[in-house]
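Just so you know, the protein sequences line up as chains A and B, in that order.
For the first sequence, our numbering gives the first residue as 176, with consecutive numbering after it.
For the second sequence, our numbering gives the first residue as -10, with consecutive numbering after it.
Since the hints were derived computationally from the structure, they do not count as laboratory data.
Computed from a predicted model, the values in this text were never measured in an experiment.
Every residue gets a Cβ at the ideal spot worked out from N, C-alpha and C, and that includes glycine.
Hints are not guaranteed to be accurate.
Taking lysine to aspartate or glutamate pairs in the EDC-like style, the calculated list, with each CA pair at most 16 Å apart, reads [what the hints assert, rightly or not]:
| no. | chain 1 | residue 1 | chain 2 | residue 2 |
| --- | --- | --- | --- | --- |
| 1 | A | K603 | B | E263 |
| 2 | A | K291 | B | E259 |
| 3 | A | K589 | A | E613 |
| 4 | A | K192 | A | E205 |
| 5 | A | K404 | A | D505 |
| 6 | B | K505 | B | D471 |
| 7 | B | K412 | A | D505 |
| 8 | A | K520 | B | E550 |
| 9 | B | K499 | A | D505 |
From the derived model, a few chain B residues whose C-beta atoms are all more than 10 Å from chain A [said to hold, decoys possible]:
| no. | residue |
| --- | --- |
| 10 | L49 |
| 11 | V51 |
| 12 | L88 |
| 13 | G143 |
| 14 | P224 |
| 15 | R324 |
| 16 | M347 |
| 17 | E369 |
| 18 | D410 |
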Amino acid sequence: MQQALKPIYSQIKRITKATCSLHASTASNEEMALVHGRLAQVVKIIGEEVTLQVFSGTEGIPTNAEVIFMGHAPTLKVGEELAGRFFNAYGKPIDGGPEVEGELRETGGPSINPTKRLQPNEVIPTGIAGIDLNNTLVTGQKIPFFADPDQPFNQVMADVALRADADRIILGGIGLAHDDYLFFKKIFENAGALDRIVSFINTTEDPSIERLLVPDMALAAAEYFAVDKNEKVLVLLTDLTLYCDALSIVSNNMDQISSKDNMPASLYSDLARIYEKAAQFPAGGSITIIAVTTLSGGDITHAIPDNTGYITEGQLFLRRDTEISKTIVDPFRSLSRLKQLVIGKKTREDHPQVMNAAVRLYADAANAKTKMQNGFDLTEYDQRCMDFAKEYANYLLAIDVNVPINQMLDTTWKLFGRYFSQDEVAIKRELVNKYWKEKSPAVS
Amino acid sequence: MTQGTIRGIIANLIIAEAKGHVAQNEICYIVAGEEQLMAEVIKIQGKNIFIQCFESTRGLRVGMPVNFTGRMLEVEVGPGMLSRIYDGLQNDLETMDSLFLQRGQYTPALDDNSRWDFRPLATVGQSVRAGDWLGEVTENGMAIKIMAPFDLEGEYQLKSLAEAGTYGIRDTVATLANGKDHQLEVNMVQRWPVKVALKAYSEKIRPYKMLETGVRTIDCLNPIVEGGTGFIPGPFGSGKTVLQHAISKQAEADIIIFAACGERANEVVEIFYEFPELEDPRTGGKLMDRTIIIANTSNMPVAAREASVYTAMTLAEYYRTMGLRVLLLADSTSRWAQALREMSNRLEELPGPDAFPMDLTAVIANFYARAGYVYLNNGETGSITFLGTVSPAGGNLKEPVTEATKKSARCFYSLSQRRADQKRYPSIDPVSSYSKYLEYPEMQEYLAEKISPTWVEQVIQAKDILLRGKELNDQISILGDDGVPIEYHDIYWKSEVIDFIILQQDAFDKIDALTKLDRLEYMLKRVLDIYRMRFEYQNFEEVGTFFKRVINLLRQMNYAEFQSEQFQAYEKELESMLNERRIA
């Protein structure tokens, strides 16, 4: 790239908290620039006036600050050397190591032609029955955890990532607490998995607008490994709610009319651009995205989780089960849309019906519990449902479970046989004949 | 043509200055080096022309040239569109080479080198109006008509018509003339602007023919008709997409057009994979042979999303004019409304409710009005049945897109989160959903003839039982199981039988997924018979236990081939179970 002849300006007309505007004739849309030494990007051009969003904030920028346009959109140098390294939102190393040498690629590139995609068809086993049994994950899927800030979503995500048998794990930390950053670093090191992992980290200590760069950086690296190297790539993005907050700050500073919950009108498209990078590529590589969307007080009608839910292929909810004092994957609200592609096909034939019957009986238990709390008498069936629910939660839904899928199915049949009659379970008779287990005392 | 230059860029909104006249909704191309990016004029204010670009605007600069074309956004229609996968602007996605979509790459909708066996249908010398059939070719076993130009004004005379034989798609197959020596050559291809309704028919009538979908809760409680409109609002996870796919696979239509508008790419891929596999019982071919997919997935440029639904509708109108029954599905119209909102926002228009543009209701109404059942000039009929999904923000049905759509669509299939949570699929709420068509006398007559004279009565009875069951269930939860008469439990559980056996359906089970009308009639009669039976119970607990067994057996019947040995065996078992408790 040419270093010389970059146009320099020094007449800033307008400064807000996140943007500044100046007269410049050569800028192109989405071009990167340096404002007073800080990275910025063109977001609007009207005639001569160019508006830049300054990623690290505009504090202290004077009206005569030097503005240099760099002539290209955001880029990342990609190569095998990315592996095992930690970078900031701009793709600069933060682990004390050297700069990465490699091919320069624009981030936030074009979308894959839908007709070139393959249908996702490979199970990602995680050992967690709340996921594998009820909400099976598939390569090329995109799915977030919808979680309240106090829930252990980062721990569960790290478990999933390490057990998932991926060739490459890309961590995009968006407004990650510094402590959580150290948690990920340590858990990856302890697992001896560091060489499989690339991390782009923006912590809460970093400027919030920088967060807008992290998903694109992480996904540009993911595309390099999945498309150029045909690897199975797992991308972890935590927490996309903070990404959306950064979007709303910029849109607000640009005087745009906000839509629901003060979010920009383009929120759906902005999130889709990120999540739709998940794909099963024809040459064998894949990008799977597991993200975190933190909720406020469990409210999923807020614009961020709501738009996310319409884009992603399901969502996972965690819940504290006070009966067994463990965190479980909530079987009612969680959903993996792609599970239909693999359950009963790549997994055992009885998987779909066993899964549905168990969730239905668990729902009966929830109704019984409500009845009990309202002071009504329980029937004998209600009591059995509640006993079943307790064991089902403990041996299957709890996040500390780590067993293969067939064992999860066997355990569920044992619970059926223990608490219910065949009529109550209401599964196709051929399957009942094959798998039914009469009252067996011991469970796992 | 008019030339212009870029004066400003705000995301995908371009402000240009033009040297000459431009028209609202005119298509133009932005010249960015080697690339030509398609865009549409959406507002004109003095010398400022506001353009929405159908592509990424990264790297565009002030001063870049803009070439106006003098035409609105058009589709090209003709033989050779079936089983294709287009983007929202009718580019053939399968003929693009690269893995990623290249900006400024446009591929032709029709294959110019294709040749077709033409058979004349008209006689030289006859008078011809817009849309009249001149001849036909066969595509994937389907007769595709070659029609007089849709923009023909008044009557023309057919001067010449090609003989039966093989012709290229752009070879002249007919010439037309009007008195004032105005001569026109006609080939197999036509162009039509997508935002203008194609009305080459003689009249639109009230639809009355039921369109079978194989989905019990629709066909039974709230049927849709050929040429009807309906919409499916539902929060995410309530099964909208599965339901739409089921309908598209099973509905009795000649042509299926599926507009994936701003939705998940993997869902479109599912159609690519499934439809070519699905046998089409009517033609012996595959379902894909008579399907067209318009894929504008959520990560594709937002302006093309709005265009995609219009492109799909225009293709549907083309097939309707040749006397075919078209089923058009759009998933989801909310994404299209959001695309309008994004643009309205960038234009700094004063916002309406939830920042949507003020004319949203009118835009949606105009679109739904393009569906319908029509008589063509030659007395034949054609129809477009339109089913749109709506993705209400926060699952709230009071939001603007749902409310606007409710004013236009005649069937309302409300998906309930509660039912979805209970895994009662399809999660169409039996109480709040409706079909206006069920009230049409024409439709009632049709149903009486097609199914049975008492069918509508039975349907209304089933609806009443479901509503009654819901009310009683509320009572039971308030007063407690033993705080109400046993009769309450009895009626509640009988309504559950209807819910489990008629409403709930396993879209992933080969047999249960599709229910034909004869089977539906049989099963509805079966469950209504049970409703009329009187049973004896010692206490309320027996009611639930008894009906769970009844439901389990009826479900086994649903899973078995209709009237097969297995089916009859289950039914026999059911009879004896019912007789155990039955009071004569």
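Run through the hints listed earlier and report the numbers of any the structure violates, in increasing order.
1, 4, 5, 6, 8, 9, 10, 11, 12, 14, 15 and 18
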